[in-house]
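Each chain, written out:
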Amino acid sequence: KAGVTQTPRYLIKTRGQQVTLSCSPISGHRSVSWYQQTPGQGLQFLFEYFSETQRNKGNFPGRFSGRQFSNSRSEMNVSTLELGDSALYLCASTYRGLNEQFFGPGTRLTVL
Amino acid sequence: AQRVTQPEKLLSVFKGAPVELKCNYSYSGSPELFWYVQYSRQRLQLLLRHISRESIKGFTADLNKGETSFHLKKPFAQEEDSAMYYCALSGQMNRDDKIIFGKGTRLHILP
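Chain order of the listed sequences is A and B. Per our numbering, the first sequence starts with residue 1, numbered consecutively. Per our numbering, the second sequence starts with residue 1, numbered consecutively.
Note that these hints are calculated values from the structure, not bench results. Please note: incorrect hints may appear among the correct ones.
Here are the simulated lysine to aspartate or glutamate pairs, EDC-like style, with alpha carbons at most 16 angstroms apart [to be verified]:
no., chain 1, residue 1, chain 2, residue 2
1, A, Lys57, B, Asp97
2, A, Lys57, B, Asp96
3, B, Lys98, B, Glu32
4, B, Lys57, B, Asp81
5, B, Lys15, B, Glu79
6, A, Lys57, A, Glu75
7, B, Lys103, B, Glu8
8, B, Lys73, B, Glu54
9, B, Lys98, A, Glu100
Covered, in the sense of this in silico footprint (three residues per stretch, anywhere, with C-beta under 8 angstroms from a C-beta of chain A), are these stretches of chain B [unchecked claim]:
no., segment
10, 37 to 49
11, 93 to 101
Being a predicted model, the structure only gives us computed values, none of them experimental. Note that the Cβ used here is the ideal one computed from N, Cα and C, for glycine as well.
Next up, chain A with everything else stripped away, as it sits in the complex (with noise of 0.2 angstroms):
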């Protein structure tokens, strides 16, 4: 099977601007979650989405949002971006729920 893959793999934006990132999860698999990971905060949990819908949420203010489509895959936005949004994004599917999660590479994010 292939794994999940997420694209882009890096970007670079400035304050103020807006991003979107993509992930496609295993195939069957319904359930993708994503993370923030930054060296001080560590691996935060973002949101889940399940079937096009979210699911589970986060500590994570309204600028992050997402959205899933019918075949699973998922994408994430960032509205506004600060430079404190500089991180790397992964997201991981599952069959279901937030059980044995499957990560992706990730997408590096600098916000210049």
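Chain A is already provided as a structure; the job is to place chain B on it using the hints.
Relative to the frame of chain A, chain B by itself:
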């Protein structure tokens, strides 16, 4: 508050020596606990989960509810065990299912 604590940022162990990576958690309920590992230039991947009660690559972890700990152990370290290890907890928090990761411990196996 729900929390996962990995007290050691870096742990250096000689090859052949026992390894113990510590993980303590705070959660009011019945959590599900995991250990994830990230080898150099590879993706984060699940190592083991407490409900499986199995040994993976020689590693085991026992959930101790009294001490709220889920320490990862291996009797004899191997050089290929060098990696970043994350302890994680999933459960219901504020009516949402969430997962919390510890900040990770870098395990360095010395030859």
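Open item on the list: So if I understand the rule, the pair passes when the alpha-carbon distance is 16 angstroms or less; does Lys15(B) with Glu79(B) pass?
Closed with: 6 angstroms, holds
For this session: Verify the proposed pairing of Lys57(A) with Asp97(B), using a straight-line Cα cut of 16 angstroms.
Result: 8 angstroms, holds
Given the proposed pairing of Lys57(A) with Glu75(A), does the C-alpha separation stay at or below 16 angstroms? 15 angstroms, holds
Worksheet entry | Distance restraint between Lys57(A) and Asp96(B), which requires alpha-carbon spacing of 16 angstroms or less | Roughly 7 angstroms between the alpha carbons, so the hint for Lys57(A) and Asp96(B) holds.
Q. Holds or violated: the segment 37 to 49 of chain B covered by chain A, criterion of 3 or more residues with Cβ-Cβ distance under 8 angstroms?
A. The restraint on the segment 37 to 49 of chain B holds, since 5 of its residues have a Cβ under 8 angstroms from chain A and three suffice.
Item to check | 16 angstroms Cα cutoff - pair Lys57(B), Asp81(B) | outcome: With Cα atoms ~9 angstroms apart, Lys57(B) and Asp81(B) stay inside 16 angstroms; holds.
* With a cut-off of 16 angstroms on the C-alpha distance, tell me whether Lys98(B) and Glu32(B) pass. => It holds: about 11 angstroms lies between the C-alpha atoms, which stays within 16 angstroms.
Can the restraint linking Lys98(B) and Glu100(A) be considered satisfied, given a maximum Cα separation of 16 angstroms?
13 angstroms, holds
* Agreement of Lys103(B) and Glu8(B) with the hint, judged by alpha carbon distance not exceeding 16 angstroms -> 9 angstroms, holds
Can you take a look at whether the segment 93 to 101 of chain B is actually covered by chain A? Rule is 3+ residues, C-beta closer than 8 angstroms. The restraint on the segment 93 to 101 of chain B holds, since 6 of its residues have a Cβ under 8 angstroms from chain A and three suffice.
Query raised in the report: Straight-line Cα separation of Lys73(B) and Glu54(B) no greater than 16 angstroms?
Result: Answer holds: Lys73(B) to Glu54(B) is near 12 angstroms, not above 16 angstroms.
Against the hints set out earlier in the document, no violation occurs for any number.
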